[in-house]
Amino acid sequence: MLKNLVRIFAFCAKELNAIRRQPLLLVGLIIGPFLILSLFGVGYQGEQPKLRTGIVVPPGHRDDPQVTELLKRISNTFLIDPERHIYESEAPAIAALENDELDLVEIFPLEMTTVYSTGKAVDIRFIYSEVDPLLRSWIEYLSYTQINELNKGMLFSVVGQSQQQIGTLRDYVSDARQQISQLREQLSGNKRAEARQTIRSLRESGALQLIALSMTQNGASETSTSTQSLSSLQASLDTLDRDLAAGGSLEKQEQQLTELDTRLSELDQQADRVQAIDPAVVVSPLRSVANNLAPIESLGDITKDPATAYVRFYTPAVLALLLQHMMVTLAGLSLVRELQQGTLEMFRVSPLSAFQTLIGKYASYTILSALIITVLVSLMVFGLGVPFYTGQLLNFALLTFMLTIASLGIGFFISSVVSTDSQAVQFSMLVLLMSVFFSGFFISIKSFLPFVQNIARGLPVTHGIANYQQIMLLNRAPATSTYIWLGGIALVSFLLSWLIFSRQFQRK
Amino acid sequence: MQAHAGQSLIQLQQVTKRFGDRDVVRDVSWNIQPGEIFGIVGPSGCGKTTTVRLMTGVYIPTSGSVSVLGKDPATFNAHDREQLGYMPQLFVLYPNLNVLENMRFAASMYGVSLTKRRKRIDELLDFVELDQARKTLAGNISGGMQRRLQLAAALVHEPELLFVDEPTAGIDPVLRGRFWDQFKELKAMGKSLVVTTQYVNEVAYCDRVAVMRDGQLLLVDTPDGLRRRALGSDVLNIRVDAEDLRNAVRILSRHQLVLGIERPHNAPLGSMMVYVDDASTALPELIAALNSDPTIDTRQVGEYNPPFDDIFITLMERLETPASKEHSNA
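Sequence order for the protein chains is A and B. Counting from 1, position 373 in the first sequence corresponds to residue 372 in numbering that gives the first Met the number 0; the numbering is continuous, with no gaps. Counting from 1, position 244 in the second sequence corresponds to residue 243 in numbering that gives the first Met the number 0; the numbering is continuous, with no gaps.
Check the hints yourself; a few may be wrong.
Dumping the calculated DSS-like pairs for lysine-lysine here, alpha-carbon to alpha-carbon at most 27 Å [unchecked claim]:
no.: 1; chain 1: B; residue 1: 183; chain 2: A; residue 2: 2
no.: 2; chain 1: A; residue 1: 2; chain 2: B; residue 2: 70
no.: 3; chain 1: B; residue 1: 190; chain 2: A; residue 2: 2
To be clear, the hints were calculated from the coordinates, so they are not data collected in a lab. On a predicted model such as this, the values are computed, not experimentally measured, just so you know.
So here's chain B without its partners, still in its complex pose:
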């Protein structure tokens, strides 16, 4: 089963999930396109896992509609489910089986025939770098290896759409990077991925990102779009000789593409942040403007990319203001 051409792979329309009298997910809507890595980011308890469960059909929405691969997940038959891969937040395979036996179990669970599974398992264990540990009990391998085993198990039946719930939670940065490398490889193979994470800087690896808080969707955008929303515009980082700073500011502040100039307190001498609409257009023009004054010694010019942690904090602060709330609700 495939989404029709031009149709979203996943559509959520005003989805709410209530447990008791509490809305765990409230009024969430988005579309996910085939072949993209869609990230869901937000603090612990913000409703990421519940939303993933709504998309996998483990939960049925209290209101709103969910469509995955063109169908309501609650009505999925066995064949539909074979198109999904799911890596839960925790390691839920069997610690008293070895790596290979767990892979075989996962393959059998999805009905992969005996003839196909051997090659597929070999490939996957190689892909997640667990080939050497295939005879080791799953309970005896490290937490990171268990995550990779769980990922391999989710891929053993070659799903079209993979849901990965907090794959990098609690593991070291090096391994996190390897996970994202593997996700990018899967994307290159044409797979679609929905990945949740608490690590804000990981949104940089996604094609689009949904930011959630308290069960609500705050926004959906590309990583660049998020940056722009946080900073209000593109930002260039320009550094000149400290003695030339006054001249440089004078020239730039008169330039029509410059929206504003800021000099951070803890920045090195001669540094300034220059706000522009579009960094790629403005950058060559501003360099030319600075070069028009031969007395100015330009030391460094480039686009400023603040860490996503900072961007996320800025976004949160902005969304906290009443005006932003009104804007968000609108």
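Next comes chain A alone, as it looks inside the complex:
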């Protein structure tokens, strides 16, 4: 038993001494990721780059105040040089785009100034030349939001003007109601001649026609009934005037005047309500209010210091990816080097078994992993301010251990099937490439079809990234399924490596 342990730990000292003798490798493993994350923190601007944009305006409108206002509005999201990149024709702007002086050309047509009078929507064209699908989506999204903002701005202006017109309408309503009141008093006093004079004055002032016209212009559907009533009132005034001239009964006409006054009063109230509404509410009556339930305080304020937030967010993923790559590469080279160096022949004569050799190597690299992760996490916590909850230390250690042995399993499997160390490096790089795309490092694994998601779960780093983030950023323990997945990967890869390596180890 003791001899078996001595044999297993033969590899611990040997592997650790061999790695200790490679200072560049150690620097690469520890200082490298720390420097990369530091550079990321220093250099990342926390937002998408502003697009260098050229604006094409209708000829002769370069100094138009409307254009100036437009440029002011869009310059928040687009980088516009007003001296060089305002054009009055498309050709030079497209040439600048093709020469990579610009990322985007935006063309405003002349019809834009007459959109309401013509009643037709106007196309604002965005021209770009981009292969990167992410940048293409970004440009299209910016174009969409810019047009949305411009539309809202125009609507805001129109609503403001309409509310001013409603003020005028209310003046007319007030004037008409005064005259109707006067007419009703004259009728109740049987002052027929004065009443007829008031009716004439009401007609001549044209207040009722103006009210109807204003409401038609504003297109307020709510007041369409009132507009119809005003038309019938016109007819009623004519009837009343005729009845006054003929000396007939005035009861019915008085009743109509009361109805008219009531309707004008309603109209005034409605106009008051419309006038009181904030134009911004009319343009955007709905707003989104999103609440993130995740406790992301540990990331810091992303709006004030986006670089820090991004560094903190990516640190767990970098740790997981680095750990997997390091273990896969070291293990991947390990067995094949024994084969290439000829040491396997010495092992075959000795009492060593394939199992002891593998377990010895697992032990040595696990110790190495623990040392490197300890140093690396300390540097990131104390150097970069990355959060670490001490209450999660045990979970962190267990996850690191599981991630290490699962990654080593994949590395040993690679090493047992390849025949040269360059093949081992190539396969390790393939695992790295696959990890970058499918592990959730940059692209969420939810973006893939379910069967691809399951393939991604076959990579230890997929579980490493998600659960290091849980532990380090959210102070949450990993789910049991994480350990089941990692344990499964570790077990299957170990058994396969052991089986294949045993065949190589076997006496022939």
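For this one, chain A is given, so just place chain B on it according to the hints.
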């Protein structure tokens, strides 16, 4: 585990090893006794290394049987393997570890406890004269030192039986001599050694030698036995005054112990080669016969020991003849 008293340490019986459709080793049989240095000599590619691998259990024979320390090497357990030491043909330790670390690794590989290994490693590094280089990386020491380190690593667990595959290939004659001195010391300690070599003259250091060619065993004999087989008998080198040569030849040719006399062309004047059955018996009698004629001035008398290179070439030439082949196959 020890071979039983009177039992061979290693027994090969009609062992053949085939790779694909080629017999790399064919029908080899021999017995190796405890405490001897057994040499295997033959040109490169003659099957020496494969035979060593068959004896260490790295290879399993295609046919025939191998018994080492009384057991089939294919069935060796860890304890059995601890009795073997193996120095492969090439340096297979770790160049990025220093001499001491390589020794520690080898000791751990054989399960030598921490308490025992320090003294043992010190002794061995002293034995192979690498004590001063213990902190030097194995990749930075000379080829000869690497061989010595490999030998020390093979001995760190104090094996009973040591297999050494071409330890002297490609190293200078002085170092070769030191290697053989060390092997003789190991033999004196009671160890048994199987040593392969391409250098024919090194068979002189062995107790017995197997000569191989094209995967076949040509013969097994002691170094003296090989010489006798090559020359056909013992040979005495006798030189007299050039003027006395005729008389000397006349006397010796009549002597009953003399089988024949030859005068090599390039030999010094007065020299002759005298063939006898047994040099130790014949030598005093022939001296007496020459001294019986006072006119003969005898200048030099001694046993002729030609270099093993010559012996090997002669043996090969003899074995090439059809009659010899028939004899060998029989």
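Consistency of the hints with the structure:
no. : hint           : result
1   : B/183 with A/2 : 31 Å, violated
2   : A/2 with B/70  : 22 Å, holds
3   : B/190 with A/2 : 23 Å, holds
Hint compliance for this structure: hint 1 is the single one not met.
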